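K.L.:
Protein chains in written order, with this note's numbering: chain A, 1 to 257; chain B, 1 to 338; chain C, 1 to 281.
Since the hints were made in silico from the structure, they are not lab data. Keep in mind it's a predicted model, so treat the numbers as computed, not measured. For every residue, glycine included, the Cβ atom is placed at its ideal position computed from N, Cα and C. You may find that some hints are simply not true.
Stated by the list, open to error - Computed spacing ranges between beta-carbons, pair by pair:
#	chain 1	residue 1	chain 2	residue 2	range
1	B	Arg3	A	Thr63	56 to 66 angstroms
2	C	Gln64	B	Val9	45 to 55 angstroms
3	A	Ala224	C	Phe105	13 to 23 angstroms
4	C	Asp271	B	Arg248	21 to 31 angstroms
5	B	Arg3	A	Leu136	47 to 57 angstroms
6	B	Gly92	C	Leu59	29 to 39 angstroms
7	C	Pro32	B	Gly92	49 to 59 angstroms
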Amino acid sequence: MSQAKLEVRDLRVSFAGHPVASVPELNVDGGEIVGLAGESGSGKSMTILAVLGLAGTAGAAVTGSVRLDGQELIGLSAARLRAIRGRRIAAIFQSPALAFNPVFRVGAIVSRTLRQHGLSGAEATARADAAMRSVLLPPELLDRYPAQLSGGQLQRVAIALALALRAEVLLADEPTSALDVTVQAEVLELLRELRDSRGMAVLFVSHDLAVIAELCDRVAIMRAGQVVEQGPTGQVIAAPRHDYTRELLAAVPRLGE
Amino acid sequence: MIRYVTRRVALAIVVVAGVVILTFVISDVVPGDPAASWAGPHASAAQIARARHYLGLDQPLAVRIGKYFAGILSGNWGTSIHTHRPVLSDIGTAAPATLELVIAALIIAVLVGIPLGLAAARWPGGALDHVIRVGSVLGVSMPVFWLALILQLVFAQRLRLLPVAGQYDPNLVFSHPLTVRTQFPVVDSLISGNWPMLGSTLVHLVLPALVVAAYPVGVIARIVRAQVLDTVGEAHVQMVRSLGFPERTVFGTFAMRLAWNPVTSVLALVFAYSLVNTFLVESIFDWPGLGSYAAASVSTLDTPAIVGVTLFVAVIYVVANLVVDLVQAALDPRIRLR
Amino acid sequence: MSRFGRFLRANPLIATGGVIALLIVLIAVFAPLVVPYPADAGAATHPEIALQAPSAQHLFGTDQVGRDVFSRVLAGARVSPVVALFVLLISCVVGISLGVLAGYFGGVTDEIIMRITDIFLAFPPLLLALAFATVLPANLTSLTIAIAISWWPWYTRLVRGQAASVAGRPYVEACRALGIPSWRILLRHVLPNSVTPVIVQVSLDVGGVILTASALSFLGLGAQDPTPDWGLMVAEGQNYFTTQWWLVTFPGLAILITALAFNLLGDGLRDVLDPRRVLVR
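Just chain A, with the same shape it has in the complex:
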């Protein structure tokens, strides 16, 4: 079996001895969107931090294996992790308004990141502009401060940054939870496009099973830090095997009911 883009095995994240997330197996391949579903506090966000190698900054300990194209990330030196972070594995977060440093123009953050990963000033500008157009935003918006952009626009800038970096994996931590439904739909469409035209591997974390059902090709259900079930979305929804999955599905409001 060929290896997936991102392979997670026996990942265990714990705080001072208390386990907060446990993922026995999770694969995300290029050109697919995998959902990680569960309630708040189920350990989804910690999983993302652990994949990024940032769990330590939150005070957590990580054991297990995370491989990117076969290369082991857990235990990798800080310098090499930093080269991978952002550049090959990108992340977008829940509250875009809070995720951007308020006293920097968004373009400054974008260009600094691109230059940090080795691009020259001219290349950085070119890629940034192209990426903005890909997410259907005028490049002039890069001159604005976060307070001057809407949540949806900021999220698209974050995605544009991932595009400009030519990231191969995108970790999305509840990226649409803070957005209006219509704006949400646009962002989801963007993610689909990233999967289809760029072949990105997307890990989509959310508590909203309806969104996951709509967007993801495969899904893993997390409860109290444990992955309880996973499989192709259609299959999991039609024939859930775990009680918790059934509960979650039952709780989703359906139109016309």
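Go by the hints and put chains B and C onto chain A.
P.N.:
Leaving out everything else, chains B and C in the frame of chain A:
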């Protein structure tokens, strides 16, 4: 932005006017007779009376204040009773030395205080953090005149590492005379390429500047530490980490930019405090600045000089506040966009 | 007692500062009993043993007229801290009253009071105190008044905001509607609710006032000989400093430790009580 500026400037003018009136009222309460001081110890009663008339002291307070206002706008800040020279020119001679010292101290404070605060915030609870915190409180609790004496004794007199007093080595005046352009010896020697003099002025500046810098370093380090610690938990810090920036950039560039706000707002206050601390320290280091001038004026009941110095310091303070407000608005877009 | 003990261990700042501050207060109160040479704290002079280095009989040595420096330093604990006490008392009374009036009544009263306050605030505290101290006769009373005059505006500004927000609250409106006289409302409701930040600010200010008072005494504008004021002692010992280092070192150290203790205490109190309200001085 323009409206913001004009509003602040207008307020500043009102405040300065009030300061002038207040200073006049204070100094009018001076016990003792400035006219007698002017006329000299051997003057007759008639001479003193003529001196009083000459100095305008026989007119009612309101009239004197009015004339003074008219005067300051045209550059006439009165005549010093002690030096018999225009107060403004006296201040002009003495002020640069004081400003040079205060600015040097503030530069040191910013260059030292900010990195210390950042370091303390980056490894909170560590040994470095504790040392920096204790040091900051020490800096803020330090009686500046005492520190000046101690450092002078240790470094200048006992260890002979630094000069004891003065702005520069007086012997150099003969071999490498200083061409006075800006009244700031450091700047003047720099622009005229007078390297021995530059070296001398800088070396003489070290001790007094360090003493005056103790307080602002403490204040700035504490503020930066508090501010950075506050923001460390926030989402945008995690985001730049996830973009692959090293920790030192996460703190030094991104978190630091947010810390400028509280630092600048405290800068004007710290400037005022340092200005007054400089006054205290000048006599110890034979520094020919406003502090020495003010001390002399006080002992000779030199009302115009006292009023002049107070007015000058108040104006500088108000201007400094204004500058800080504007710089803050420039650095933090959230203030401008309000 | 154990809860208090745990509190102290969790807050080393308050613990250290509080202990030292308490020590200083105790020394101040019991000085005449504790001091080895009580007469030296006053007008006694012993020129025959002048300028002696620290020894067993004179822990901090003797000064230029033979007085025991140790005794004078201990006795000095009664001088600066007492000045600080009165300065802050006056500042609070005047500052809080004006602040409460400005905040509660708003409008013209607010404008007038705050403009006057702004003018006083335009001066750095030490400068204003200096200006006043030079025109008043040089003694501790003038010193206290001079510093108090420059210190009260900060309390007015601090309290005004609090008072204004309290004044806008529904229950205060209700009181007004019921016809309760203003002074009653001010005393019973507005005042008590406006003073929490003041407590923290006062503890932070003690150090600052002590530094200001000793600076002014150093300049000769405060305590006069033979009062054992620390700032004055530093000034007197200045000329002998190069050889008789103890004349300047110990009184100055006393100022440092006192200011340090109260700053630590104030910092700790602020961390515990009210992290956001105080003005940076």
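K.L.:
All the hints need checking, so say for each whether the structure fits it.
P.N.:
Structure-based check of each hint:
1. Arg3/B to Thr63/A: 56 to 66 angstroms: Given a distance of about 59 angstroms, which is inside 56 to 66 angstroms, the answer is holds.
2. Gln64/C to Val9/B: 45 to 55 angstroms: Between glutamine 64/C and valine 9/B, where Cβ atoms are some 53 angstroms apart, the hint holds.
3. Ala224/A to Phe105/C: 13 to 23 angstroms: violated, 58 angstroms
4. Asp271/C to Arg248/B: 21 to 31 angstroms: Check passed, 28 angstroms falls within 21 to 31 angstroms.
5. Arg3/B to Leu136/A: 47 to 57 angstroms: violated, 37 angstroms
6. Gly92/B to Leu59/C: 29 to 39 angstroms: violated, 50 angstroms
7. Pro32/C to Gly92/B: 49 to 59 angstroms: holds, 52 angstroms
Checked against the numbered hints above, the structure breaks hints 3, 5 and 6 and satisfies the rest.
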